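Engineer: Residue strings, one per chain:
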Amino acid sequence: MSIIVQKEGILSTVQDLGRSGFRSSGINPGGAMDKIAARLINVLLGNNESEAVLEMHFPAPEILFEKDAVFALGGADFGAKLNNKNLENWKSYFAEKRSVLKFTGKNFGNRAYFSVTGGFEIEKWLGSASTNLTAEIGGFRGRHLQKRDRLGFKQKIIDIKQKFNYKIAGSLIPIYNRFPTVRVVAGAEFELLEASSEQFFSRQSFTITQNSNRMGFRLEGAPLELLRNKELVSSAVSFGTIQLLPDGQMIILMADHQTSGGYPRIANVCEIDLPLVAQLGANDKIAFHIISLEEAENLFLQREFELNFLKFGIQIKLHR
Amino acid sequence: MSHKIFSLGDNALTIEFGNEISVELNDRVLRLVEVFDKRSFTGFVEFVPAYSSLTIFYDVFTVRKNFPEFSTAFAAVKNSVENALESLEAPQKLDSKAVEIPVCFDRESALDLDSLAVENNLARQEVIEIFLSQTYRVFMLGFLPGFAYLGEVDERIAARRKNSPRLKVPRGSVAIAGKQAGIYPLASPGGWQIIGRTDIELFTPNEAEPTFLQVGDRVKFHSQNL
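Quick note, the sequences are listed as chains A and B, same order.
Its first residue numbered 1, the first sequence is counted upward by one per residue in the numbering used here.
Its first residue numbered 321, the second sequence is counted upward by one per residue in the numbering used here.
FYI, nobody ran anything at the bench for these hints, they're computed from the structure.
Careful, some of the hints might be misleading.
In silico SDA-like pairs for lysine to any residue, Cα to Cα no more than 25 Å straight-line [unchecked claim]:
no., chain 1, residue 1, chain 2, residue 2
1, A, LYS230, B, GLU340
2, B, LYS324, A, LYS124
3, B, LYS398, A, LEU299
4, B, LYS499, B, ILE450
5, A, LYS124, B, GLU366
6, B, LYS482, A, GLU231
7, A, LYS154, B, ASN526
8, A, LYS163, A, ASN83
9, B, LYS417, B, LEU350
10, B, LYS499, A, GLN258
11, B, LYS358, A, LEU126
12, B, LYS499, B, ASN483
13, B, LYS488, A, ILE10
14, B, LYS417, A, LEU126
15, B, LYS499, A, GLY262
16, B, LYS488, A, ARG218
17, A, LYS230, B, ASN339
18, B, LYS540, B, ARG351
19, B, LYS488, A, GLN258
20, B, LYS385, A, GLU295
Some residues of chain A that are not near chain B, with every Cβ distance over 12 Å (derived) [unchecked claim]:
no., residue
21, LYS91
22, ARG98
23, LEU219
24, LYS285
Computed from a predicted model, the values in this text were never measured in an experiment.
Where is the CB? At the ideal position from N, CA and C, for every residue including glycine.
With the hints as constraints, model all of the structure from the sequences given.
Structural biologist: Spelled out as structure tokens, the structure:
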């Protein structure tokens, strides 16, 4: 049971929810950029939500199903077709042996996710199936997928109940946008911003530049200034940390960020809104809205409760 | 001694003891790691020790469930940290490992040794001697898997970062930036001044402990002739 890559995409890697416990060794957590998309399609298929998925950029690969499979797509919309039949995101589909999955156009977003019922057979490194491109390890041979690569499935037989088309509806699906206002909590050096820069930060929008990848998104806008220059010794940074570079421009650290950094930490994107950032690409714009830590935690908890509720509902449907 | 505790996003907090490279502050960081190693809290995910700070990642869902008396997970973890800080023992010698690392200083490996010597008005051999004369401490790991930040390098051989970073620093390169030294475990872009190379495997991904060096280790370099 497997799929095979017939045509290579630009950057398709195996990811899960990341590798935790090794930041102190300089090993970053990595994982899917849009974690909620990866989790939702896994939950929809009845998988463990941390099951490995394929993260694709556009142009995305062409995939041949070598055996019957049930799969789902989420995140970006790349105009997916199964044997020329249009597919929707957040819905499970049955693919017969020898069917072909193609992506025909970049309709929205920058990272699409693909998961199969039961999950892919991937050897874990340090507890995770995520690809670490810097260290060239983890995921599929530590690299992006190439033509003729074959990914096996863990589950060998498909249950009849799994063949129905299930669809996720409701508030759990992120409302993606090419110009989102994302919620952030203030960072350690936020107070060091000049009053006018502080206002710029939450009133202006910033453009995502070409210089953006899985490590971080470089922003461009009115430069921000600090009251006094502060040299920082390196300390930990995180997925979503917004750093201020010496030229007054900001960078948002993304999934493959380094574990530590020394630039002033202006703010951190809230966990709940990271998926909105993850779907942005060059020339998209972003604005920031500062909220309290309590609000950020509560929003996160509310989403986790809803996700658990969905998980429970789907488990009942699949195993009744 | 004073400290600051601030959030790093909505699932981590940092305890900052200061903003400098000093053995005393770093010792404090490591002692706090020891306290939590022995007695962690429910919902703890991982630590990131740095020069003068410790960052703790936690699972908001679990912390909130287990500490309902706090209005945020941040407040609960902060409380736990403050209790740990109170019980922090008086300075005592940390249990650290001594490590020997052979370095080759030939011209092929020591890409910036000559220019660094000129910049510091020293002979090439003097730079090597000063560099080898000292024992370095691993203050933290970061940047790349297994990349150790070592200090402190003698003022006389301290070096500015390169104006434009190299696109590919060879694996095993031993390098200096400011009063820090480091070893590149993997080939990578980098702006530090390269003074030699080692064959030691600093990153062994298939072992349970994937890095050769750990925070707190004492490193002594010696010259290796090829």
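Engineer: Hints first: check each against the structure and report whether it holds.
Structural biologist: Checked hints:
Simply put, A:LYS230 and B:GLU340 have alpha-carbon atoms about 12 Å apart, close enough for the 25 Å limit, and the pair holds. Only pairs whose Cα atoms come within 25 Å are accepted, and B:LYS324 paired with A:LYS124 is rejected, the gap being roughly 38 Å. Note on B:LYS398 and A:LEU299: the hinted pairing holds, with a Cα-Cα distance of about 20 Å set against a maximum of 25 Å. A distance of roughly 13 Å separates the Cα atoms of B:LYS499 and B:ILE450; the hinted pair therefore holds under the 25 Å criterion.
Straight-line distance between C-alpha atoms of A:LYS124 and B:GLU366 comes to about 19 Å, which keeps the hinted pair within the 25 Å bound. Simply put, B:LYS482 and A:GLU231 have alpha-carbon atoms about 18 Å apart, close enough for the 25 Å limit, and the pair holds. Straight-line distance between C-alpha atoms of A:LYS154 and B:ASN526 comes to about 23 Å, which keeps the hinted pair within the 25 Å bound. At roughly 17 Å between alpha-carbon atoms, A:LYS163 and A:ASN83 fall within 25 Å of each other, so this suggested pair holds.
Taking the CA atoms of B:LYS417 and B:LEU350, the gap is near 14 Å; set against the 25 Å cutoff, the hint holds. A C-alpha spacing of about 21 Å is found between B:LYS499 and A:GLN258, which places the hinted pair at or below 25 Å, so the restraint holds. A threshold of 25 Å between alpha carbons decides the hint, and for B:LYS358 with A:LEU126 the separation of about 22 Å falls inside it, so the pair holds. A C-alpha spacing of about 17 Å is found between B:LYS499 and B:ASN483, which places the hinted pair at or below 25 Å, so the restraint holds.
Straight-line distance between C-alpha atoms of B:LYS488 and A:ILE10 comes to about 23 Å, which keeps the hinted pair within the 25 Å bound. At roughly 24 Å between alpha-carbon atoms, B:LYS417 and A:LEU126 fall within 25 Å of each other, so this suggested pair holds. Distance check on the hinted pair: B:LYS499 and A:GLY262 sit about 15 Å apart at the alpha-carbon level, within 25 Å; holds. Straight-line distance between C-alpha atoms of B:LYS488 and A:ARG218 comes to about 22 Å, which keeps the hinted pair within the 25 Å bound.
Taking the CA atoms of A:LYS230 and B:ASN339, the gap is about 10 Å. The hint holds against a cut of 25 Å. The straight-line distance between the Cα atoms of B:LYS540 and B:ARG351 is roughly 23 Å, inside the 25 Å bound, and the hint therefore holds. With a C-alpha separation of about 17 Å, the suggested pairing of B:LYS488 with A:GLN258 holds against the 25 Å cut-off. A distance of roughly 16 Å separates the Cα atoms of B:LYS385 and A:GLU295; the hinted pair therefore holds under the 25 Å criterion.
Residue placement check: A:LYS91 keeps its beta carbon more than 12 Å from all beta carbons of chain B (closest about 27 Å). Taking the minimum C-beta to C-beta distance to chain B, about 37 Å, the non-interface status of A:ARG98 holds against the 12 Å cut. The claim that A:LEU219 lies off the interface holds: its Cβ sits roughly 17 Å from the closest Cβ of chain B, which is beyond the 12 Å cut-off. Listed as a non-interface residue, A:LYS285 keeps its Cβ farther than 12 Å from every Cβ of chain B; the least gap is roughly 22 Å.
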